[in-house]
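Chains B and U, in that order, are what the protein sequence lines are. Every position in the first sequence, counted from 1, becomes a number in our numbering once 108 is added. Every position in the second sequence, counted from 1, becomes a number in our numbering once 6 is added.
Note that these hints are calculated values from the structure, not bench results. For each residue, glycine too, the CB sits at the ideal point set by N, CA and C. Some clues are possibly wrong.
To be verified - EDC-like, lysine to aspartate or glutamate: derived pairs with alpha carbons at most 20 Å apart:
1. U:Lys66 <-> B:Asp306
2. U:Lys66 <-> B:Asp228
3. U:Lys43 <-> B:Glu337
4. U:Lys43 <-> B:Glu336
5. U:Lys66 <-> U:Asp85
6. U:Lys66 <-> B:Asp223
7. U:Lys43 <-> B:Asp306
8. B:Lys328 <-> B:Glu290
9. B:Lys177 <-> B:Glu210
10. U:Lys43 <-> U:Glu62
11. U:Lys80 <-> U:Glu52
12. U:Lys43 <-> U:Asp30
Said to hold, decoys possible - Non-contacting residues of chain B with respect to chain U, defined by C-beta distances greater than 12 Å in every case (computed):
13. Pro180
14. Thr208
15. Gln225
16. Gly311
17. Arg346
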Amino acid sequence: MKDLHLKFDRIRSEGKSEYLTNFFGHAPSTPTPLIEGTQESVVFLDPDGDVNRVYYGTANPADLEQVLKKVPASLPLALDHIGESLPDGVRHALCEAGFTLEATFGRISNYHFRDFQGADSATLASSVDQAEILRNIHEDFDLYVDHLPDAGELSRFIENRWVLVNRRPEDGRVSGYLIFEEQGARTLIRSWHSGPGDIPMGGMVLLGQFHNLMAPTNVKSTFGWVNEENTMAIMVYRRFGYEFERMRDFIFSRGK
Amino acid sequence: MTMERVREIISEFLQVPAGEIGDDFSPEHTSAWSSMKHMEIVMALETEYGIRFDAEEIPKLIEFGVLCDRVQAKVGEKDNG
């Protein structure tokens, strides 16, 4: 893995123009990721379930385009670029290399919690709910666009009491869920879903109960990433006092 | 007067004849009353009457009679204060 970091470091330090990247040093999920590169660009694929997440570093977007074209077309790819904007050169390179912009997410955050009455019906999930929640997540979300927790992560989240659920009154099945992850003084809302089969206004109930959990803790802020076309989620977030920050996540796919 | 206007707004958003909207009319009576529509109705009423509902009130407003009562109460609070 050291070699991989060295490749990125070299391009950043030796590049003749602005260094652009979406890789900030995390450890890849496999010790042998597929790597393609030149003197000015490096790309590696990090498997995430059925998709490969693409990470790049480049000092020349035109060169990046050529490197991306070397990645076998048979591999399903997803690529995030997080920033206030998407550099034109990167956008062009991705489009020319066959990528499609799937969605743009905005980071939305809140620094104030207060009790939300009437949310008691949303309760913490238990380990027996894990398989059902995991199944629902894969039906409700897009594995290219959304960073879905795997079974191991979900198990840990449930154990840490980071998963809230709504249940259908008639049979107790999970009809809505909110998965969060405490990260020191702030908490990330990972996945939040309330579909047509959920209790009325189930999404608000889940978010309200989440705020009830956060209010007595030392958490200073909560934040989430919301698809900028998801007007329902945005309306509800805003009603709870969330506001968009400037940070956006541009999500591309290839071979979907 | 308020009640009739609220009925009209709900009728428009849900595409349900106003005559079918009685006091107990709720999402149980029409699948058109989704969470999304509910938020849109609430926001339309807020704009119409210059009022604002707290987040925690919104899930409780899922019955025509309750919605009318709360709109009238909010309008009264605004007018008196």
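Hint by hint, here is what the structure shows:
| no. | hint | result |
| --- | --- | --- |
| 1 | U:Lys66 <-> B:Asp306 | holds, 15 Å |
| 2 | U:Lys66 <-> B:Asp228 | holds, 13 Å |
| 3 | U:Lys43 <-> B:Glu337 | holds, 16 Å |
| 4 | U:Lys43 <-> B:Glu336 | holds, 18 Å |
| 5 | U:Lys66 <-> U:Asp85 | violated, 23 Å |
| 6 | U:Lys66 <-> B:Asp223 | holds, 16 Å |
| 7 | U:Lys43 <-> B:Asp306 | holds, 14 Å |
| 8 | B:Lys328 <-> B:Glu290 | holds, 11 Å |
| 9 | B:Lys177 <-> B:Glu210 | holds, 19 Å |
| 10 | U:Lys43 <-> U:Glu62 | holds, 17 Å |
| 11 | U:Lys80 <-> U:Glu52 | holds, 10 Å |
| 12 | U:Lys43 <-> U:Asp30 | holds, 18 Å |
| 13 | Pro180 | holds, 41 Å |
| 14 | Thr208 | holds, 26 Å |
| 15 | Gln225 | violated, 5 Å |
| 16 | Gly311 | violated, 6 Å |
| 17 | Arg346 | violated, 10 Å |
The earlier numbered hints that this structure contradicts are 5, 15, 16, 17.
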